[in-house]
Amino acid sequence: MALALTACGRFTVMPPPDGEPVVLKPAELATTWTDAEGGTLTLKQDGMFIADKVCVAVSWYEGLTWSGTGTWEQGSNKKQSFVGVTFDAAHRVDTYHPEEGEREPDSYAALRQGKVLKLWVAVGDPDNDYPNCVLTSPAS
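Going by this note's numbering, the sequence shown opens with residue 75, and the numbers climb by one from there.
Take the hints with a grain of salt, since some may be wrong.
As a list, the in silico EDC-like pairs of lysine to aspartate or glutamate whose alpha-carbon atoms are at most 16 Å apart [said to hold, decoys possible]:
no.	residue 1	residue 2
1	Lys118	Glu94
2	Lys99	Asp120
3	Lys118	Asp162
Simulated restraints, written as ranges between beta carbons of each label pair [said to hold, decoys possible]:
no.	residue 1	residue 2	range
4	Ala101	Thr143	32 to 38 Å
5	Asp120	Asp201	17 to 23 Å
6	Lys189	Ala163	21 to 27 Å
7	Thr106	Gln187	15 to 21 Å
8	Pro205	Lys153	22 to 28 Å
9	Gly188	Gly149	21 to 27 Å
10	Lys189	Ile124	24 to 30 Å
11	Ser133	Ala110	20 to 26 Å
12	Pro205	Ser141	18 to 24 Å
13	Gly188	Ala110	16 to 22 Å
14	Pro205	Asn151	21 to 27 Å
If you're looking for bench data, these hints aren't it; they were derived computationally from the structure. Since the structure is predicted, the reported quantities are computational estimates derived from the model, not experimental observations. A virtual CB, placed ideally from N, CA and C, is assigned to each residue, including glycine.
Put together the whole structure using the sequences plus the hints.
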């Protein structure tokens, strides 16, 4: 399966977190990333991951945290790396509209702020000044 990871085509109301876009090597990504609420995403060198209540961005939904296991892939352009995660078990995001069904979270984009590495994605409705989900690396 080919993975095309790119920046989201959605317009952004809130700016990205502080930092400059950066291209990271797989070894730099393979670590445990932590969000502001203590959720973690551990990316393993073998392409597997473990998530524990980590913030994710799916469609218009705010405040989603998912746990589970799955696979991750890295993509990049000339300026920035992107990380896509695919959970082994499906996560339903809208019980009111079954046709919406199961979705995969949007890709995280990589930033560097000084020595701090970040993965981030915008969450929620862009018309409501949605927040950002920001993960930082402990090695930062």
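Results for each hint:
1. Lys118 <-> Glu94: It is violated: about 24 Å lies between the C-alpha atoms, which goes past 16 Å.
2. Lys99 <-> Asp120: 14 Å, holds
3. Lys118 <-> Asp162: 15 Å, holds
4. Ala101 <-> Thr143: 32 to 38 Å: Given range 32 to 38 Å: violated, Cβ gap about 21 Å.
5. Asp120 <-> Asp201: 17 to 23 Å: 40 Å, violated
6. Lys189 <-> Ala163: 21 to 27 Å: 35 Å, violated
7. Thr106 <-> Gln187: 15 to 21 Å: 18 Å, holds
8. Pro205 <-> Lys153: 22 to 28 Å: 24 Å, holds
9. Gly188 <-> Gly149: 21 to 27 Å: Taking Cβ atoms as reference, glycine 188 and glycine 149 lie about 25 Å apart, which means the hint holds.
10. Lys189 <-> Ile124: 24 to 30 Å: 25 Å, holds
11. Ser133 <-> Ala110: 20 to 26 Å: 21 Å, holds
12. Pro205 <-> Ser141: 18 to 24 Å: Hint holds: Cβ distance 20 Å, inside 18 to 24 Å.
13. Gly188 <-> Ala110: 16 to 22 Å: Given a distance of about 18 Å, which is inside 16 to 22 Å, the answer is holds.
14. Pro205 <-> Asn151: 21 to 27 Å: 25 Å, holds
In the structure shown, a violation is registered for the earlier hints numbered 1, 4, 5, 6, in ascending order.
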